[in-house]
Amino acid sequence: MPDVISQNMPFLLQGLVTTLRIAALTAIGGTLLGLAVGVAVQLRLPFVAGLLRVYIEFVRGTPLLVMLFICYFALPALMGLHVTAEQATVLGFVLFIAAYIAEDVRSGLRSIGSGLVRAALATGLTRLQSLRLIIVPLALRRIIPALFNQYVRLLKFTSVASVIGVQEFTGSAMLVNARVFAPVSILIFVALTYLVLCLLLSSVGRVLHAYLAA
Amino acid sequence: MRHARRLLAALTASFLAWSGVAAAQAPQNTLATIKQRGKIIAGVKFDTPPFGFLDENNQPTGFDLDLVHKIADRLGVGVEFVKVTSPTRIPLLVSGNVDLVAASMTRTPEREKTIDFSITYYTGGQSLLVPADSKITGIKDLDGKEVAVQQGTTLEKNIAAVAPSAKVIAFKDYNSAWLALAQGRVDALTGSLNILQGFQKNNPKFKIVGEMFSVEPFGIGFRKGDTELRDAVDAALKDLWTSGAYSSLYRKYFGTDPAVPIETRP
Amino acid sequence: MWLPGQGRSRFGFTVNYQFDWEPILESRALILEGLATTILLSLCALALASIIGVIVGTLASSRHKGARLGAAAIVELTRNIPLLIHMYIWYVGLAFLRLPPFLCGVLGLSVYSGAYVAEIVRAGIASVPDGQNKAALATGLTRLQALLLVVYPQALRIVAPSLGNVFSQLIKDSSLASAIAVMELTYQASAIEGQTFRTFEIYITICALYLLLVSAVTLALRLLAGPRDDAPAQELASA
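Going line by line, the protein sequences match chains H, V and B.
Last residue of the first sequence? That's 1114 in the working numbering, and every number before it is there in order.
Last residue of the second sequence? That's 401 in the working numbering, and every number before it is there in order.
Last residue of the third sequence? That's 276 in the working numbering, and every number before it is there in order.
Bear in mind the hints are in silico, worked out from the structure with no lab data behind them.
Even glycine gets a Cβ: it sits at the ideal position worked out from N, Cα and C.
One or more of the hints may lead you astray.
Distance windows between CB atoms, simulated [what the hints assert, rightly or not]:
| id | chain 1 | residue 1 | chain 2 | residue 2 | range |
| --- | --- | --- | --- | --- | --- |
| 1 | H | L920 | V | A295 | 40 to 46 Å |
| 2 | B | A257 | V | T362 | 53 to 59 Å |
| 3 | H | S906 | V | G379 | 39 to 45 Å |
| 4 | H | L1092 | B | L106 | 15 to 21 Å |
| 5 | B | E59 | H | V948 | 36 to 42 Å |
| 6 | V | S378 | H | V1104 | 58 to 64 Å |
| 7 | H | L1108 | V | T362 | 57 to 63 Å |
| 8 | V | T168 | H | G1013 | 54 to 60 Å |
| 9 | H | S906 | B | S164 | 46 to 52 Å |
| 10 | B | E59 | V | D392 | 41 to 47 Å |
| 11 | B | L186 | V | D268 | 57 to 63 Å |
A few chain B positions that, by computed beta-carbon distances, are all more than 10 Å from chain V [said to hold, decoys possible]:
| id | residue |
| --- | --- |
| 12 | L62 |
| 13 | E63 |
| 14 | S98 |
| 15 | A172 |
| 16 | L174 |
| 17 | Q182 |
Please put together the full structure from these sequences, using the hints given.
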């Protein structure tokens, strides 16, 4: 391993931990929010569904970087809270990915035939119960590949947080590079790390999907 | 329909933005918040030696940071540093992400419309950094040359004014601007003299040329109307001067004694 | 006349900040320049990404196992590296080539998107019934002619909506080029914000502009292709 990498390894590893932390928080928050939004929209809840559709369209037409800028500069003022760059990043990422996951959830729900829904209701379950116990779990299982797709995408776009100064993996690497000038070694190391992590995550998704489909 | 929804989305966002802006600039007593919290949240640079940069162990250090440490000591609180860059330092201050900004920021009348400044704690001048073998000797040699500068700085406007036929490329932070020079993408880098010296210190393949062509008085930035905090910081700064702590800090980072004492408010 | 930014805000604070669109209007030249650069950047990247994607996607559909594996490896390699790293590679990593930032942006965007286009092309080719290819060969066309004249047109018709999605995504991804000093829309927004401090106004403005661009592309595509059930294509696009 090149000297430059090993000398700065602690700093780079710190950055990697930050990346993984942001990714994990976003995956959890984004999935929960996306699930809620997707169900609300697909069920056509009055008033809420319309607002949420506006939210989805807004986010899907906005670049991620611009979302981050808005979350870091505009929203702290709205909430009257002090937020760190990392907190703003997680917020922006969650809002961003939830819009995409919501659409995946919707297509998952759509794929469940009305026959199954009628059967569930016929056994005496209420609408909410059949949703909670049968429809949503089934839909979730179906969209596992799509969800993991989003998670891999998320892992990659954590790098964008470096542009607003978060010291995650990419940010830390570029800070080191500015000091030591070894762009080739550093970028190869960074690229390979993301490659390995993304491939790992995709494999986990495939295994999970196969296991659940069995 | 989808498109109408998108436009509606944009309008909703604007409306939310109005109320957000209103909440941001309501007068507040940051000093009380700081005392309660027990620490100052200070916006500083991590890529602008010697004011704020990373040392060999990748730890943040610098003149601005040490100054804030000393001020915090006098106020009896701790410090948390938040990384800012020239384009982001004022927006982050205004939105409440940081309590104050000590980020090699020049005081200008234009900026004073949006934020308040402390007394001047450093005075520098703008200069040029070029490769050691460059033929450029000053701003008059910049015709048609490419000059790197930081976005959101007074330096950007100054260089455009004194060298109108130069091609000025603004970067989002000093790291990128410095890299551009180091990789030969631009012919010169312009910045405050001490900052350029900071870059040159470990890189003898570059030299500083020309006379300083602007005066840059640095001040610590506060939200407009945040007078308690500003007065407390001003008092601490004056105290640092009279006790000699400021001079030793200055010597540590700039190698000489300060030429002018800390300016008192005009 | 009630003006936004004056009087009491909805939070009950007394407002002492003037919401000010004037600097944005003054900077409209910069904004338009940024918009033009974004459009140009996206178009160039789309063209190059399509070429890359068609080549790699065709390789991935080859009869030769080696070609298929090679193509799959290229796609996995480029797809799993973040776009920002792609841009840095061309701009910082290969700095000795002195490629101008715009070109680095185009290259980064096209190589990254090219991998996605390759997958779309591969799926498109696979969805053309094998009988078409066999029939074409039976009429005496060479393998290459069969590909160009029979398979591609049909595959293209199937995957056209997905390509439209790639274009929309490209437009949004182009904002990352601001990190390597390409003077597109997001870069100009940062520049304007840095001088005027009008964060809200400028970011909402460029949000609206991006939304407009993406809507325009989607609308144009719908007009060109006609309404259709593009669910399978959508799935491909988000793969």
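Q.
Beyond 10 Å on every Cβ pair: is that true for B:A172 relative to chain V?
A. holds (40 Å)
Q.
Minimum C-beta separation from B:S98 to chain V exceeding 10 Å: can you confirm that?
A. Its Cβ never comes within 10 Å of chain V, the nearest being 33 Å, so this holds.
Q. Does the no-contact call for B:L62 survive, Cβ to all of chain V over 10 Å?
A. holds (15 Å)
Q: Examine each Cβ of chain V, and state whether all of them lie more than 10 Å from the Cβ of B:E63.
A: Nearest chain V Cβ is 14 Å from B:E63, so the label holds.
Q: Starting from the range 57 to 63 Å, see whether the pair B:L186 and V:D268 falls in it by beta-carbon distance.
A: The hinted range 57 to 63 Å holds for B:L186 and V:D268, with Cβ atoms some 58 Å apart.
Q) Is the hinted range of 53 to 59 Å satisfied by the C-beta distance from B:A257 to V:T362? A) holds (55 Å)
Q) Checking the smallest CB distance to chain V, is B:L174 really beyond 10 Å? A) Holds, since 43 Å exceeds 10 Å.
Q: Please test the hint of 58 to 64 Å on the beta carbon pair from V:S378 and H:V1104.
A: holds (60 Å)
Q) Could one say that the CB atoms of H:S906 and V:G379 fall in the range 39 to 45 Å? A) holds (42 Å)
Q) So does B:E59 sit 36 to 42 Å from H:V948, Cβ to Cβ? A) Since B:E59 and H:V948 have Cβ atoms about 37 Å apart, the given range 36 to 42 Å holds.
Q) Between H:L1108 and V:T362, is the Cβ distance one that fits in 57 to 63 Å? A) Once the Cβ atoms are compared, 58 Å apart, the range 57 to 63 Å for V:T362 and H:L1108 holds.
Q | H:L1092 paired with B:L106, Cβ distance criterion 15 to 21 Å | A | holds (20 Å)
The structure shown violates none of the earlier numbered hints.
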